[in-house]
Amino acid sequence: MAISAKLVKELREKTGAGMMDCKKALTATDGDLDKAADWLREKGIAKAAKKQSRIAAEGLCNVLVDGNEAVVFELNCETDFVAKNDNFKALLDEVGSTILNSKASNLDEALAVELNGKTLADVLVEATAKIGEKISLRRVARFTKEDSASFGAYAHMGGKIVSLTIIDGVDEEVAKDVSMHVAAINPKYLDPSQISEDVIEHEKQILTAEALNEGKPANIVEKMVQGRLNKYLKEICLVNQPFVKDPDQTVEKFVKANKGTIVGFTRLEVGEGIEKRQDDFASEVMSQVNA
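Add 1007 to a position in the sequence shown, counting from 1, and you land on the number used in the working numbering.
Honestly, the hints are just simulated from the structure, not real lab data.
The structure presented is a predicted model; accordingly, all values stated were derived computationally and were not measured.
Virtual Cβ for every residue (Gly too), placed ideally from N, Cα, C.
There may be inaccurate statements among the hints.
Said to hold, decoys possible - Each computed DSS-like pair below joins lysine-lysine, with the alpha-carbon atoms no more than 27 Å apart:
#	residue 1	residue 2
1	1016	1096
2	1183	1211
3	1096	1211
4	1260	1241
5	1030	1125
6	1238	1260
Said to hold, decoys possible - Computed spacing ranges between beta-carbons, pair by pair:
#	residue 1	residue 2	range
7	1212	1027	46 to 56 Å
8	1126	1211	42 to 52 Å
9	1154	1110	14 to 24 Å
10	1237	1108	24 to 34 Å
11	1195	1009	46 to 56 Å
12	1119	1009	50 to 60 Å
13	1123	1207	31 to 41 Å
14	1012	1238	57 to 67 Å
15	1034	1113	26 to 36 Å
16	1037	1195	16 to 26 Å
17	1195	1123	32 to 42 Å
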């Protein structure tokens, strides 16, 4: 039978499940609203949908390499306890290999990739129902390199931080050394040419206000600001940073000494940019006692 948009909308409002899941449920139950709601519950979809408003700021990142292709991604859950669970780690590997073997280059494309006849989006809904926490794929990026370049892949703390470098003219070991540096120091840019004028102007305004608040004479503030700005720009650029394994030389000098050129890099850290929920367990316990 034909399933109307009104009926799908009504089931969605009742269960919180996605539009496509609601349509599937109604199709499977010949448009019976109550049976469709039960169908969603039986599949674990309704339960998983209720968890979608929760904050998933824990989890793991991963970086996978296959020849001249590499993917970097972040898979989130709600607690660090689940992130250490073998089921979650197995899901991380399965999601990663599925994305790597596809042509997906961003989050939307990755969620649409099929795994065992289901989209990754549906697989994650099922994982949410099975594991009991919101499981979400947050960031996905694909990188390609030339034959003359090497990927440097590095995972820190089991995947709490991952980094990937692309360096032309060097072997994998050198590229990985630079990836370790990226994971540890977290550079924002490859070199000063990548920094926009807006960022530079914003930093200049902050440094100017800072110098004036220190009581510095106006006639020397401009020179002070320029000096501090140059120092800051060096600190946030990978090529200018003291190499973490040998602070006596910059990253650029280390790479050049190995006859290489840095092409690019990326770094992911679990939960960065997410406003994490702050649990007050003492208050929670007291609220239960006083209930």
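Going through the hints against the structure:
no.	hint	result
1	1016 - 1096	violated, 35 Å
2	1183 - 1211	violated, 34 Å
3	1096 - 1211	violated, 44 Å
4	1260 - 1241	holds, 14 Å
5	1030 - 1125	holds, 16 Å
6	1238 - 1260	holds, 18 Å
7	1212 - 1027: 46 to 56 Å	holds, 48 Å
8	1126 - 1211: 42 to 52 Å	holds, 47 Å
9	1154 - 1110: 14 to 24 Å	holds, 20 Å
10	1237 - 1108: 24 to 34 Å	violated, 45 Å
11	1195 - 1009: 46 to 56 Å	holds, 54 Å
12	1119 - 1009: 50 to 60 Å	violated, 26 Å
13	1123 - 1207: 31 to 41 Å	violated, 49 Å
14	1012 - 1238: 57 to 67 Å	holds, 60 Å
15	1034 - 1113: 26 to 36 Å	holds, 30 Å
16	1037 - 1195: 16 to 26 Å	violated, 56 Å
17	1195 - 1123: 32 to 42 Å	holds, 39 Å
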